[in-house]
Amino acid sequence: MVEQGNLKNRLIELNMGPQHPSTHGVLRLKLTLDGETVKKVEPIIGYLHRNAEKICELDFYCDALIYFDRMDYVAAMNMEAGYLEAAEKLLGIEPPERVVWIRTIMAELSRIASHLVWAGAYGLDLGMLTPFFYVFEQREKILDLFTEISGSRQETNYMSIGGVYQDFNDKIVYLIREFLDQFPKKLEEVFNLFVKNDIFISRTKGIGILEPDVALQYGVTGPMLRASGVPYDVRKAQPYLAYDRVNFEVPISKRKDNYARVLVRFEEMRQSAKIIKQALDKLPDGPYFNPKAKKSLMVRLRGEGDFYARTESPKGEFGVYLVGDGTVKPYRVHVRSPAFKNLSVLPALAKDVLIADLVAISGTLDLVFGEVDR
Amino acid sequence: MVYEVKEEQSKDGRKVMRIDREHLLDLVKDLKADGYDSLSLISCVDFRDRIEVVYHLFNSKNEDILVVKTETRDSKVPSLTSLYESANWDEREQYDMMGVEFTGHPNLKRILLPEGWVGYPLRKDYDLSKTQYVNMDDEGEDRVSFDPGDGW
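Heads up: the sequence lines are chains Y and P, in that order.
1 is the number of the first residue of the first sequence in the numbering used here; add one for each residue after it.
1001 is the number of the first residue of the second sequence in the numbering used here; add one for each residue after it.
In short, the hints are calculated from the structure, not lab data.
Since the model is a prediction, treat every value here as computed from it, not as a measurement.
Hints may be right or wrong, so weigh each one.
Calculated cross-link-like contacts (lysine-lysine; reagent style BS3-like; alpha-carbon spacing at most 30 Å) [stated by the list, open to error]:
#1 P:Lys1029 to Y:Lys256
#2 Y:Lys236 to P:Lys1061
#3 Y:Lys236 to Y:Lys282
#4 Y:Lys254 to P:Lys1032
Work the whole structure out from these sequences, hints included.
As structure tokens, then:
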């Protein structure tokens, strides 16, 4: 028996996860608690590790794509676009103009899908079940579009070196437009479920404040960094695909707290819808793959030198460092995983907060463990 | 501090600085003062006789990327944890995968693989034919062994 008096000022170690429902996968947090206050957080990762980087080294350049699909599995299109950005530079294959626009559309649809999953899961973290159904209805519509064009819901494997698997036809363009027509209204409905809820506001406003200099120290990027007031977006800083030919704004917030990260992600979805609409209008005609990379030649592609491509995935700056040695297989593939960096800031972010707030904070990091553990 | 930097341009237009590892810390310290306030990525490439360590530094003002490259033949490189917080996890990841020892790191242990794993998977001489099994012992700690009966 422990007397109650002895519990005072005694620190308790507690494991949260790897099977805790609000840790979004297999995150294990080793907490040091003083009563209900978190004194120290130590994230322990690696439960989903399968060393995709090594597997990529053992296969042809074109085969690596399916492992990239499975990194950030809720935004597979962004992962494919990120890998191809580096691989096509290394192999010297230029994608045709039509492909560039198709990839932009798919990457933005994927970004919306990823943010929707985050919104639903974040609602669940805070005890709101309702938004989950609204966002998954919309996400399901996007996955139907992916099924229509690639044959697969999540792990699409749609893009390939120098092209895409299947050309856009009138039907898919019509379906995307139909989706965009109803999406903004539905998004506002979900947005109001969040920001007009008093409980939600009191659990997010002023909680989990991330100063911009701390964020940069830890290498935090994406919506997390923009919610701290740093307007860094790779789509603007170093435009890839067709982002320099469409109009969109990069939302930032100076609030720096959980609430800011929610606002930034919702605004990003609205901007993505704007980008897709413009891209559909500007979609040029032409071939949908580069003949230099047709299927029979795909396994003979070679490249030499080291290349780094950064792209804006829904989680942040997704970087691929690719080294080729002149053979048909990559010599080294290294992935800059944005969620890995965003998670590393959690010990600094969740110091001296309540356990319930820790859940509210870790929810805004938007962690996907396929990507953290690779 | 006087040090010699070899500057070059990579094929995709990034600015690359080559430096010997003795002066790495001085160079990065100066670059940080110049505005490179974030360390974006640490990668290691195993060239069998040497390991190349590649740092991608990020400048939040002009949103530029700068590459610093150094190499090591005995797998030892000074740690940048005193300059950038993000070096902590990045260096642990590279230690885990490549076996590069970052001298001066406060907590250099494996991050993705369990403690006790044999070998460094991303090295070119890593033996892929040997399977390693991870099990939990009575204390709740991970235990790695080559014996399948011991594992699953």
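Checked hints:
| no. | hint | verdict |
| --- | --- | --- |
| 1 | P:Lys1029 to Y:Lys256 | 28 Å, holds |
| 2 | Y:Lys236 to P:Lys1061 | 13 Å, holds |
| 3 | Y:Lys236 to Y:Lys282 | 19 Å, holds |
| 4 | Y:Lys254 to P:Lys1032 | 24 Å, holds |
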